[in-house]
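As a plain string of letters, each chain reads:
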Amino acid sequence: MTALALGSFAHEAAFREAAAQAEDAGRRIVGLWSPMPIELGDIGEETAQPIAWIAIAAGLLAAVGFYGFIWWTATQAYPFDSGGRPLHSWPVFLIAPIEFGALAAGIAGMIAFIVRARLTRLHDGAFDLVEIERASSDRFVLALACDEGEDGAAVIRLLAEAGAVHSRVVTR
Amino acid sequence: MTDAARWLLPSMLDHRAITDAVCAPLTDQKAGKRWWIAVLVALGVTGIGAIAVGVSLVYGPGMWGNNSAVVWGFPIANYVWWIGIGNAGTLISALLLLTRQTWRNAINRFAEAMTILAVSIAGLFPILHLGRPMYAYWLGPYPSTMGVWPQWRSALVWDFWAILSYLLFSLIFFYLGLIPDLATLRDRPGDRRWRRIWGTFALGWQGTPGQWRSHQRLQRTMAVIATPLVCSVHSIVGLDFAASLMPGWTESIFPPYFVVGAYFSGFAMVVLLALVIRSTLHLEGVIRPNHLDAMAKMLLAAGSIMLLSYGSEWVSSLWTGEAADLRFLQFSFTGPYSGMTYGMILGNCLMPQLFWSPALRRSVPVLVLVALGVLVGMYFERILILCNTLSIGYEPTMWTLYVPTIVDGLILFGTGGLFVLLFLLLSRVIPLVPMYEIRELAETAR
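Taken in order, these protein sequences are the chains called H and U. Just so we're aligned, residue 1 is where the first sequence starts under this note's numbering, counting upward by one. Just so we're aligned, residue 1 is where the second sequence starts under this note's numbering, counting upward by one.
Treat the hints loosely; a few may be bogus.
Have a look at the derived ranges for each label pair, beta carbon to beta carbon [as the list claims (entries may be wrong)]: (1) A154/H <-> K33/U: 36 to 42 Å; (2) V165/H <-> L9/U: 21 to 27 Å; (3) L318/U <-> T75/H: 39 to 45 Å; (4) A25/H <-> A301/U: 51 to 57 Å.
Treat the hints as calculated values from the structure; they're not laboratory data. What you are looking at is a predicted structure, and each value in this text was computed from that prediction instead of being measured. Idealized CB from N, CA, C, for every residue including glycine.
With the hints as constraints, model all of the structure from the sequences given.
This is how it looks when you write it as structure tokens:
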């Protein structure tokens with residue numbers, strides 16, 4: 001059976017302080033939840049950099065592919081002389097691929113985000129913790145692992161000293 | 001006072017207060033009598049519009065004022081006007097995000113909602129204007145048995161891709177911003193059914209650093225893509241005209257001038273919505289007089305650019321010395337539509353100049369008056385672009401005036417009702433102010 005110490009903070013500064021102190025004290029941070037975007041240096045999870053590149057790559061690919069499709073329909077599949085304009089009227093053929101490329105980038109970015117952020121898990125163990133409900137509203141929540149055989153008092157003290165408005169130990 | 005503190009009432013510096021203020025209308029309060037009355041009125045107006053659309057579908061475009069010279073008329077003017085309003089939301093949200101304007105937080109959500117509703121409405125008009133709307137799907141590329149593909153050189157096909165891409169992209173951008181707030185609603189006490197719905201759309205959002213990092217990264221990436229996308233969408237609308245050879249339309253200034261015009265009319269609508277939302281949903285602590293001041297400055301800047309654009313258009317016509325261009329200019333200022341030309345100048349260029357006064361920038365009646373003036377002025381502009389040029393083109397035997405019919409008027413009236421109706425319904429389903437962004441602002445201000 002493992003024990004977790006959960007600390008709830010009212011403000012970002014105290015939350016950051018607690019996370020930093022826990023790291024300094026060699027405590028393992030099991031989870032962090034906040035009602036607004038925060039950057040905690042290396043604490044947390046992996047970088048989100050690939051999302052931008054996935055979106056851009058998908059957008060470019062879709063735009064080039066769509067341009068190729070337009071070229072094929074206008075010059076090979078259905079060549080149509082419209083007022084003597086060239087079959088391959090490239091300036092106007094650029095319009096639809098640019099729009100479609102932007103849309104494809106948005107869709108690919110959204111899919112990458114869902115995968116990267118591990119979303120669509122509507123039932124997750126974290127939702128069993130009442131603290132998490134307030135982490136989407138007005139509390140910053142920090143979960144620290146307690147050492148084997150530890151009753152959690154030291155961790156609770158650390159959280160309280162850092163400014164936690166509420167803290168408790170849970171076992172799972 | 002820090003810059004962030006200018007945008008929030010001191011009582012809103014607490015995260016709980018922010019959540020309560022924004023969520024209360026959705027979770028704690030029942031829809032009031034005023035809301036129901038507004039919904040019923042909007043529903044009635046929408047119904048009248050739907051009847052007018054039905055009449056048009058049964059009897060055809062002959063029910064409109066369009067004639068053999070002015071072939072575009074109200075349907076295209078309505079399209080350009082609505083898509084202009086629709087362009088502003090995402091542009092405001094994306095541009096202000098990229099330029100790190102903290103005051104965007106209070107207005108971006110409902111501006112984006114406005115975009116989605118206005119673009120959806122705008123998209124109806126080219127379809128109706130086809131005359132045979134049941135064949136609208138011909139615009140899309142599909143392998144038909146006849147082996148026919150869309151005509152990619154046609155402005156109509158450009159519009160199809162511009163509207164479709166922009167609408168879907170805006171929907172994704174809007175939904176992305178909404179996810180953390182839906183999680184807030186999911187976790188608040190309240191009606192179980194609604195919490196389930198919000199929870200499903202929140203996709204299991206927890207607010208971990210990794211999720212926030214991914215969310216912020218995608219939001220910025222989409223803002224970078226959205227800005228040129230928005231400009232391209234209304235540029236394409238401008239190209240519908242500029243790519244032709246008609247006097248008054250063959251202007252290289254049209255694409256940028258259309259983009260500014262769209263931003264201008266959209267911002268006017270955002271001002272009106274902001275005033276209604278802050279007063280009816282009691283969000284005075286989040287939408288502050290400083291926001292009104294900032295939005296009024298935007299209207300002033302855009303109104304001044306519009307004046308410059310009109311001036312450039314008129315001077316260009318004079319400069320060319322072309323008989324058709326000079327005739328067009330004279331017709332604009334002295335012809336039967338000249339009243340609308342002066343109304344356009346008054347609403348779009350002169351009324352926003354009131355905002356040089358700091359006191360008037362914060363005056364609610366003046367803001368309402370100017371925003372309505374801009375919306376009416378921009379509508380006149382859309383009508384004039386079509387009617388002036390098409391009424392007095394190169395061929396004198398084709399000269400004829402355009403007079404809209406009652407059906408034209410009722411369709412426009414109905415779309416106004418539909419916009420209000422959908423916005424009212426949305427106001428009971430989603431938070432119209434992004435809570436997590438306001439919390440960020442509160443942390444900075446503290």
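Exercise. Do the beta carbons of L318/U and T75/H sit within 39 to 45 Å of each other?
Worked result: Since the Cβ atoms of L318/U and T75/H sit about 43 Å apart, the hinted range of 39 to 45 Å holds.
Problem set entry | A25/H paired with A301/U, Cβ distance criterion 51 to 57 Å | Holds, since A25/H and A301/U (Cβ atoms, about 53 Å apart) stay within the stated range.
Exercise. Measuring from beta carbon to beta carbon, are A154/H and K33/U in 36 to 42 Å?
Worked result: Given range 36 to 42 Å: violated, Cβ gap about 58 Å.
For this session: Hint says 21 to 27 Å; check whether the CB-CB distance for V165/H and L9/U agrees.
Result: holds, 23 Å
Comparing the model with each earlier hint shows a violation of hint 1 alone; every other hint is respected.
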